[in-house]
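**Student:** Single-letter residue listing:
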Amino acid sequence: MAATDRVKQILSWYSGDNIGVKTNLARLMNHGALAGTGKFVILPVDQGFEHGPARSFAPNPPAYDPDYHFQLAIDAGCNAYAAPLGALEASADRFVGQVPTILKLNNSDTLAKMENPCSAVTGSVKDAVRLGCAAIGYTIYPGSGARNVMYEELRELVLEAKDAGLPTIVWAYARGALSKDGETAIDVIAYAAHISCQLGAHIVKVKPPKDFLEQAEAKKVYEKQGIPTKTLAERARHVVQSCFNGKRIVIFSGGEAKGTDDVLEEVRGLAAGGAFGSIMGRNAFQRPRAEALQLLSSVMDIYRKAS
Amino acid sequence: MAATDRVKQILSWYSGDNIGVKTNLARLMNHGALAGTGKFVILPVDQGFEHGPARSFAPNPPAYDPDYHFQLAIDAGCNAYAAPLGALEASADRFVGQVPTILKLNNSDTLAKMENPCSAVTGSVKDAVRLGCAAIGYTIYPGSGARNVMYEELRELVLEAKDAGLPTIVWAYARGALSKDGETAIDVIAYAAHISCQLGAHIVKVKPPKDFLEQAEAKKVYEKQGIPTKTLAERARHVVQSCFNGKRIVIFSGGEAKGTDDVLEEVRGLAAGGAFGSIMGRNAFQRPRAEALQLLSSVMDIYRKAS
Amino acid sequence: MAATDRVKQILSWYSGDNIGVKTNLARLMNHGALAGTGKFVILPVDQGFEHGPARSFAPNPPAYDPDYHFQLAIDAGCNAYAAPLGALEASADRFVGQVPTILKLNNSDTLAKMENPCSAVTGSVKDAVRLGCAAIGYTIYPGSGARNVMYEELRELVLEAKDAGLPTIVWAYARGALSKDGETAIDVIAYAAHISCQLGAHIVKVKPPKDFLEQAEAKKVYEKQGIPTKTLAERARHVVQSCFNGKRIVIFSGGEAKGTDDVLEEVRGLAAGGAFGSIMGRNAFQRPRAEALQLLSSVMDIYRKAS
Amino acid sequence: MAATDRVKQILSWYSGDNIGVKTNLARLMNHGALAGTGKFVILPVDQGFEHGPARSFAPNPPAYDPDYHFQLAIDAGCNAYAAPLGALEASADRFVGQVPTILKLNNSDTLAKMENPCSAVTGSVKDAVRLGCAAIGYTIYPGSGARNVMYEELRELVLEAKDAGLPTIVWAYARGALSKDGETAIDVIAYAAHISCQLGAHIVKVKPPKDFLEQAEAKKVYEKQGIPTKTLAERARHVVQSCFNGKRIVIFSGGEAKGTDDVLEEVRGLAAGGAFGSIMGRNAFQRPRAEALQLLSSVMDIYRKAS
Amino acid sequence: MAATDRVKQILSWYSGDNIGVKTNLARLMNHGALAGTGKFVILPVDQGFEHGPARSFAPNPPAYDPDYHFQLAIDAGCNAYAAPLGALEASADRFVGQVPTILKLNNSDTLAKMENPCSAVTGSVKDAVRLGCAAIGYTIYPGSGARNVMYEELRELVLEAKDAGLPTIVWAYARGALSKDGETAIDVIAYAAHISCQLGAHIVKVKPPKDFLEQAEAKKVYEKQGIPTKTLAERARHVVQSCFNGKRIVIFSGGEAKGTDDVLEEVRGLAAGGAFGSIMGRNAFQRPRAEALQLLSSVMDIYRKAS
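Protein chains in written order, with our numbering: chain A, 68 to 374; chain B, 68 to 374; chain C, 68 to 374; chain D, 68 to 374; chain E, 68 to 374.
Bound conformation, chain A alone:
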């Protein structure tokens, strides 16, 4: 398709990257129901690995089948479908050329607690290339005692991915030496998102931030400078600002499954704050397919109107 002005503008922020990386960013932005708007709705399905298969798929058993998610992402008009190696490998050949894919290169299970949370690298850039992916994904846990291990691994993968013409999406989940509330505190989310940008992320994915400040030093500044954090829109805007003043793509996860109204209200807040989109897993695939398609369509409408 001809590039829209918005897509051209977004690509201009990535002028430090080679044309291959930008071509794949364009592939993501030019696909699906939001093509050309610069907005994103991505379907991520790594919950089987992260939480176990029954917790993830029993609410909607067809979702045990990796083909289900591919078809859902295609039919819903998502910009991309993200999954770990095994699931992509099992299904990608049947959906060649129908939806851009993102290979999640690290994953963590919940069979045992880790003192210093850290995901295992479960795929490679070489896998992403042979599977025809448009990007790689990688999770960091800012706040973890093992965060530097992850930052360094990420740095190497970003570099390797660039050589293969692939952009990198960073899942930034603060955890470890933080209070439970702190994991989604606005200062922490903004900080984690900024670190991701500094590490070379082309797209940053964080949880919707709460109106809470975790870090004492930060709290002083937020209060002194009067940074507004009351509404989700304000907080989303602050996170986006923290990502190179809006010059990196920032998208938000949907989190645990919840009611349709709650989902849409949250998305409205994010969109109002300038979010580039949502990455919505459980709220999509744990619903019956028709409901999921309806919900994703509504989410896309919100972002389209905000574009």
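Just to be clear, a hint being listed does not mean it is correct.
Beta-carbon label-pair distances, calculated as ranges [to be verified]:
| hint | chain 1 | residue 1 | chain 2 | residue 2 | range |
| --- | --- | --- | --- | --- | --- |
| 1 | A | S82 | E | G87 | 52 to 60 Å |
| 2 | E | Y218 | D | D368 | 53 to 61 Å |
| 3 | C | A187 | D | R371 | 52 to 60 Å |
| 4 | D | K193 | A | P128 | 40 to 48 Å |
| 5 | B | A157 | A | V216 | 34 to 42 Å |
| 6 | E | L360 | D | G293 | 22 to 30 Å |
| 7 | D | K193 | E | G83 | 35 to 43 Å |
| 8 | B | E290 | A | D328 | 48 to 56 Å |
| 9 | B | E284 | D | K193 | 27 to 35 Å |
| 10 | C | P295 | D | A324 | 16 to 24 Å |
Stretches of chain B that chain A covers, calculated by requiring three or more beta carbons in the stretch to come under 8 Å of a beta carbon on chain A [what the hints assert, rightly or not]:
| hint | segment |
| --- | --- |
| 11 | 202 to 211 |
| 12 | 253 to 259 |
| 13 | 264 to 276 |
| 14 | 285 to 296 |
| 15 | 307 to 319 |
Honestly, the hints are just simulated from the structure, not real lab data.
Values in this document were obtained by computation on a predicted structure and should not be read as measured data.
Yeah, the Cβ is synthetic: ideal placement off N, Cα and C, and Gly gets one too.
We have chain A; now place chains B, C, D and E onto it with these hints.
**Tutor:** The following block gives chains B, C, D and E in isolation, referenced to the frame of chain A:
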């Protein structure tokens, strides 16, 4: 042999793999008494390393000789014989072309306890190639504090094996931060099997699951969704479903030596639940040869009828 | 876009390739005015290198600017734009995501005659990746005393390109130990196209064959078997058949600039014979832009109707 | 299958090779209608590359499709199917596990004469591995001024193939500094076959030798020692003897298409002389399928009786 | 065995080499009927490749079998058996540890003349290592237009062989830009032997020189300095002197088959001149086995007495 429809169907699930890998999967499925059925009975002999020679072989002293196991697997019509490096190397030349072999690439002894259980890598893909193997095998311990080490090692071996045209069989034994019952809990076994698939396993091997739920979060879901786990058939079906909705080959270990009736009853339950087969070591080679052949034949009959 | 049945059928012929290669084939087939039809119109601009700039661009001076060709390919709705390294590098960044590109990896000038014609390798797979290309291109001269050099170079590039997820388009121009007529003889063109397929070409590009037989041994067979070669449609059909019975994409060059009617009549013949499309350079860019757009549109109409 | 005594005996001659190579030799010997006899009938289809598509396939047009040959080799019960890269890649995925394949790694076209005949390398050991092949094939032209180039290329490929567990089949065609009759002279064929063995060939393929002596020095010895060369059986026996006294597998090509009686009489002569089998292309695929299956069956009967 | 003083003395000349290389030299000197004497009788069998199988083996048909030569070298008490790759590979496993072996790394056939004689590299140091060889062998043709190619190949192989702990034996046959007599002229043989030493040969093998001077410049010096060349003993002494004043092992070939008396007289002359031994192929294996053993025993007696 001409490929049966079932073999073709199973191979279609591995469309993300190169033809070399699929050719070796076909070698496994087209050999032995179950050739063409898509069912498997594999003879694994790594117990000498895992439990010591006397515990493994004294009940049937001819089994001290690695040739014994090769001949047993051939005469019984097993799909394959799996063993660590030394044993394969000692005997493979005398049995060239008579039974597909699987090189187990990591092993763990029981001379000392490990806080974070982890096997040592004891062979290489290069060894598997020069020994003419049809697959590699690797053990992970989901639940161990060292699980990420194993996941990452496995990931690299899977990639290297693919380059050599070899599929990977993952032995998934949950242990570590789990109760004793939890190691064979249905939620844990299903989870461990799913992780194996996501890591790129072509064939997953787990223990027969018990009617027990280890994880509190999982327990809620199993109860809410009414996932049936009373019978072994139900549990086997759930494990198979957890492996990409049945699109990965899942086989079950026989575990400790037990009476013939117990073995066959267990196999009947597994087969009824859609298990792709059994991998049966001690229950085979610790019996006198004639009895072992009889038992394996009965096990194969059960799977053949279920195909 | 959702894959059409025709695109899925064509992709099924490339089942020996990895998903990355197939994804890029799909990119080519899902772009432009012929998206989804399995037909191709590609704009190639390497004539500046092959014939010199004035011979190539003076008839339409805006064509001296590589941006001109990118925009022409985009506005005309071509499936792809093919060019040597320098021209792609000069312009690709301004057109990211707007049209798939093909990096021509070898080129030959006409400043001196060569006894054994052979192009120079002027780009690399690595260049194609960093420029975000969807394919590489390579020219062979079957009939040349240096053909084995080219076949071997091609073989290495095909393998390297596959590892980068890129398909290969082979320009097969017979020349060397052939009569002038022999270069476009139907037996020679069919043979050159077949060789390209055997060397691993995903797409083959040849000149429209003439009703002439060059090789004495071949002539006997064509006459004995009554292979029809009178009409261009018959000859195109024979070339397509010679490419794995139609299971490789075969496209035809437009050759020297000529009148619109001549171009369209030739395309009608090719389309009637089952050609997968045309690759049209001079007949496009040597016309004024408006005329070129009109011509390309008419060509696409012909292929669309034939699909 | 259990190895027959004959297969075990033949494998014993390859004791210098690793078990992977021997396993693939066993795959070839344990497949098809001649499984276990130590005899071979192989279908080779590289004539499209060597002579052009029309000369090769027009007599039986379904043969334009590479799938045709795979199915023919399977249905006829051939030990293997040999082809260049493109044809294997186009079809192998649809026939996984149904017939061993041999990747011909070099090929030569007939679009131009070469002063020093030499084939181009058109595939790699890496390709053979990813395509699941059981062996590689390579052609040498003893007598050519470029023979050392080929011997050295072969030597490297043999070594690389061994590392991948693959045996090598050498097509030994004397040409170059020889009279036309000399190309199939008994002294030359025996010499070319012996050279192949010394270069590491596991299987040697030559043309049926004629009762003619090319080399003056050799002629003296044949006459002095009274080496019998009158009948084809005698000549075949001499060639087999020249290959390490019968300790290398020697098979014979069928050559140009001819009548059924002529083919069978030739095969009877070869079989009587201890030939290990035939590699029969044009005489198989240029016949209608039913006739080809009948002919191959008759050929196999002759070898089976001779085993 | 304990090293004799003579063996220690010879090893002291190779003090620039690593202990691995010297250990293998000692293996050669401490094996067989001449063990400990510093004298050598080696059985070389590459004539099948060099002259064709019938010319080589028809006079004594059991010699078609590579096993025959191994057994002959063992039973005769030769220091080593030298052969090309294929023959060693075919038999070495059956004779492990019974006689040191030398892998001849290049060979030349006589199916076509070469303007610039040059052998093809037909084996590798890696092969020599995996076959358990004690040395590699390589042929140079000083006097050939391609000699520098050979010198450079040799240099690389010598270096690679040293890294593997293997000494190198150079077959130095002058041919090319020389008169027929010149190929065995004393000045030429001495020169070729010296070049071999300079190229890093541990053992040099030349033909017995004739009383003829080829090179005009050399002739002047031989005459002026009164270098005695009348008797074979004088000429052998001159060749040995030309090899670092006797500090390299120089052995002589037997050449064409001839009568027993002629062979022994030649050997007596060589031995009297300080030759380190003989390498005797056709004169050994073209005789009936009993005669060959008798002849080799007589040859060894002569060298033993000279030690």
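**Student:** Evaluate each hint against the coordinates.
**Tutor:** Structure-based check of all given hints:
1. A/S82 with E/G87: 52 to 60 Å: holds (57 Å)
2. E/Y218 with D/D368: 53 to 61 Å: Holds, since E/Y218 and D/D368 (Cβ atoms, about 56 Å apart) stay within the stated range.
3. C/A187 with D/R371: 52 to 60 Å: holds (55 Å)
4. D/K193 with A/P128: 40 to 48 Å: holds (42 Å)
5. B/A157 with A/V216: 34 to 42 Å: holds (41 Å)
6. E/L360 with D/G293: 22 to 30 Å: Holds, at about 26 Å.
7. D/K193 with E/G83: 35 to 43 Å: Since the Cβ atoms of D/K193 and E/G83 sit about 40 Å apart, the hinted range of 35 to 43 Å holds.
8. B/E290 with A/D328: 48 to 56 Å: Between B/E290 and A/D328, where Cβ atoms are some 27 Å apart, the hint is violated.
9. B/E284 with D/K193: 27 to 35 Å: The hint (27 to 35 Å, Cβ to Cβ) is violated, given that B/E284 and D/K193 are roughly 46 Å apart.
10. C/P295 with D/A324: 16 to 24 Å: holds (23 Å)
11. 202 to 211: holds (count 3)
12. 253 to 259: That given contact holds, which follows from 5 residues of the segment 253 to 259 of chain B lying within Cβ reach (below 8 Å) of chain A.
13. 264 to 276: Answer holds; 5 residues pass the 8 Å Cβ test.
14. 285 to 296: Since three or more residues must qualify, the claim that chain A covers the segment 285 to 296 of chain B holds, with 5 doing so at under 8 Å.
15. 307 to 319: holds (count 6)
Of the numbered hints given earlier, the model fails hints 8 and 9; all others are met.
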